[in-house]
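Could you build the full structure based on these sequences and the hints that come with them?
Below are the chains, spelled out letter by letter.
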Amino acid sequence: MRVGLADTTFARADMAAWALEELSGVEVERYTVPGMKDLAVASKKLIEEHKCDIVIALGWVGKEKIDETCAHEANVALQQAELMTSTHILKVFFHESEGGDMVKVAEDRVRKHARNALALLKGKTELSKNAGQGKRQGYDDASTLQKH
Amino acid sequence: MRVGLADTTFARADMAAWALEELSGVEVERYTVPGMKDLAVASKKLIEEHKCDIVIALGWVGKEKIDETCAHEANVALQQAELMTSTHILKVFFHESEGGDMVKVAEDRVRKHARNALALLKGKTELSKNAGQGKRQGYDDASTLQKH
Amino acid sequence: MRVGLADTTFARADMAAWALEELSGVEVERYTVPGMKDLAVASKKLIEEHKCDIVIALGWVGKEKIDETCAHEANVALQQAELMTSTHILKVFFHESEGGDMVKVAEDRVRKHARNALALLKGKTELSKNAGQGKRQGYDDASTLQKH
Amino acid sequence: MRVGLADTTFARADMAAWALEELSGVEVERYTVPGMKDLAVASKKLIEEHKCDIVIALGWVGKEKIDETCAHEANVALQQAELMTSTHILKVFFHESEGGDMVKVAEDRVRKHARNALALLKGKTELSKNAGQGKRQGYDDASTLQKH
Amino acid sequence: MRVGLADTTFARADMAAWALEELSGVEVERYTVPGMKDLAVASKKLIEEHKCDIVIALGWVGKEKIDETCAHEANVALQQAELMTSTHILKVFFHESEGGDMVKVAEDRVRKHARNALALLKGKTELSKNAGQGKRQGYDDASTLQKH
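Chains as they are written, first to last, in this note's numbering: chain A, 92 to 239; chain B, 92 to 239; chain C, 92 to 239; chain D, 92 to 239; chain E, 92 to 239.
A few of these clues could be false.
[Said to hold, decoys possible] Each computed EDC-like pair below joins lysine to aspartate or glutamate, with the alpha-carbon atoms no more than 20 Å apart:
no., chain 1, residue 1, chain 2, residue 2
1, D, K156, C, D231
2, D, K213, D, E155
3, B, K213, B, E113
4, B, K220, C, E120
5, D, K215, E, E140
[To be verified] Here are some, though not all, of the chain D residues that point toward chain E, as calculated from beta-carbon distances under 8 Å:
no., residue
6, S115
7, H141
8, T160
9, N166
10, G191
11, H204
12, G225
13, K226
In case anyone wonders, no lab produced these hints; they're calculated from the structure. Everything numeric in this text was worked out from a predicted model, so none of it was measured. Ideal Cβ placement from N, Cα and C applies to all residues, glycine included.
Written as structure tokens, this is what we have:
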């Protein structure tokens with residue numbers, strides 16, 4: 092199994108380093124692009140040209156409104172790339188507008204999604220035991236709701 | 092007939108359990124992904140690789156603005172997946188912004204759409220008897236309007 | 092010539108009935124789906140599997156913000172379906188936010204677009220005599236503007 | 092060389108007439124549709140079925156918010172049609188929200204874009220002499236900026 | 092290696108000139124179109140018909156709301172073109188809403204992205220040494236964040 096890792100020079104932290112730690116022992120192909128709007132085609136190339144079975148796309152979203160617009164456009168394109176290749180691309184974006192301890196949030200999100208990628212490679216029901224469990228990446232899990 | 096069921100670990104309730112009850116006796120393939128933006132490719136894989144005749148995609152939308160943006164992106168991609176496969180994917184999303192008794196609304200929506208899926212499998216006019224009847228999933232039906 | 096008619100159970104009026112009256116004497120294939128986001132794939136199937144030469148997609152948009160978002164997503168997908176099939180799909184949506192006499196507006200819009208469908212089937216310049224004439228569906232026509 | 096001209100019955104002025112004057116002596120295929128959301132598939136058909144080398148799509152945008160949403164959807168689809176056919180479709184939209192002398196603005200925009208279409212047919216660098224010159228359609232050109 | 096350069100007559104500065112200086116010694120194909128919504132198909136043609144290995148798409152966004160909408164539509168289409176061709180198209184847009192010394196910002200952005208294009212042509216890890224370094228085009232780089 093080969094995992095693609097697409098990251099950017101725009102990001103203000105080395106998101107790929109956290110992912111690489113989680114992917115220790117797994118074959119990884121890295122692709123670094125300028126910004127998040129370049130991630131979709133890089134991810135598609137990782138799948139098609141570099142034979143990755145899944146891709147983790149790491150994006151960092153600035154605090155301006157235009158950054159959020161770019162993030163939206165990138166997420167649309169990343170899902171398009173998934174559909175064109177029938178392959179999962181995990182869209183791991185940290186938004187500066189989230190505030191708080193930015194590095195802590197970003198690291199938690201990257202690490203948990205790297206583990207999600209490994210789980211998805213095991214099969215389509217590997218994550219079913221956690222279905223509906225309010226899992227969050229970047230934060231503590233949300234509470235689950237019981238039927239009234 | 093085989094029904095695909097795509098659900099998420101993000102959801103705060105086990106939406107798939109309600110659908111499985113409604114689909115009792117029907118062959119079901121399940122696919123659990125992290126979040127709603129992963130549902131489109133999972134649904135496409137259920138159709139193409141797991142030979143599902145229809146898919147029910149179960150999404151849970153958090154209360155933040157970014158969650159609504161993700162829901163929008165996911166719905167665009169899910170319709171793209173439908174067009175690429177010429178197969179129905181019912182987009183069953185509960186939004187926390189709806190408020191009220193969240194579990195009750197989500198359960199009603201899931202159960203009714205599971206029944207819609209079974210109806211659509213019977214043929215393109217199976218639901219015609221209910222056309223224009225103000226059917227709602229999650230709530231009571233809306234009133235129908237008479238011509239003045 | 093065969094006309095496809097896609098409608099929903101969500102609608103609060105039987106929009107298809109008005110269209111069927113206008114299409115009297117024409118071969119019609121009907122496809123009823125739950126909501127407007129299901130219209131795109133139904134329309135594509137009417138074209139590809141049921142050999143329709145044109146489709147009239149009838150949508151009813153609720154008064155909430157989420158309904159408008161759904162309408163937007165549906166319209167994007169319907170145009171995608173048109174491009175994938177190189178076939179017209181008339182997007183006939185009534186929005187509750189329009190207010191006024193809802194049934195009157197909806198009926199006028201449906202009937203006029205059913206006639207537009209028949210005109211488009213006759214050829215690409217059939218409507219040219221009305222080009223730039225401020226034609227409206229749902230309301231009286233707008234005034235035309237003369238050059239100053 | 093053959094130019095496609097797609098226009099609507101929704102428009103409040105005969106936009107095609109202005110284009111036809113500019114295209115005098117050129118082979119033109121016209122396609123009239125109800126509204127701007129029908130322009131994308133009409134343009135694709137002009138290219139594929141009527142062998143047009145370029146298309147001018149003429150849209151008129153009403154003053155309501157829903158009209159602007161439709162214009163956005165139409166522009167997304169028109170660019171999709173361009174990509175599917177690898178052929179230019181000039182998107183010539185007049186928005187009532189622009190105010191001012193509507194006919195004057197619309198006419199200027201249509202005429203200048205008709206000339207742009209003819210230039211693009213001559214080759215990919217035909218417009219390079221005007222690159223960065225602040226060219227506007229509908230208004231006087233914008234000022235160009237000098238480096239400080 | 093051949094670099095495509097797509098630019099517009101709408102821009103208020105000769106963005107291509109700055110790129111051409113950075114690309115000195117590299118084979119370049121230029122394509123000038125009226126506005127930013129024409130860049131996607133031009134870029135696709137540069138890749139498919141003119142055999143470019145990468146494209147730099149230069150857009151200038153006016154200060155009105157409609158200009159930002161156009162920029163959004165153009166960026167969606169440009170990413171679609173990238174996915175259809177599996178080729179990078181760097182989306183280099185200057186927005187008048189950024190204010191400040193417009194020419195200085197635009198020039199810095201164009202020059203840095205021209206260098207990014209050359210780096211991407213060298214391979215997928217050429218930019219990895221700058222990953223997570225807060226690189227900005229148009230401005231000074233952002234600060235990087237250390238883990239707490």
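Are there hints from earlier that the structure breaks, and if so, what are their numbers? Of the numbered hints, 2, 6, 7, 8 and 10 do not hold.
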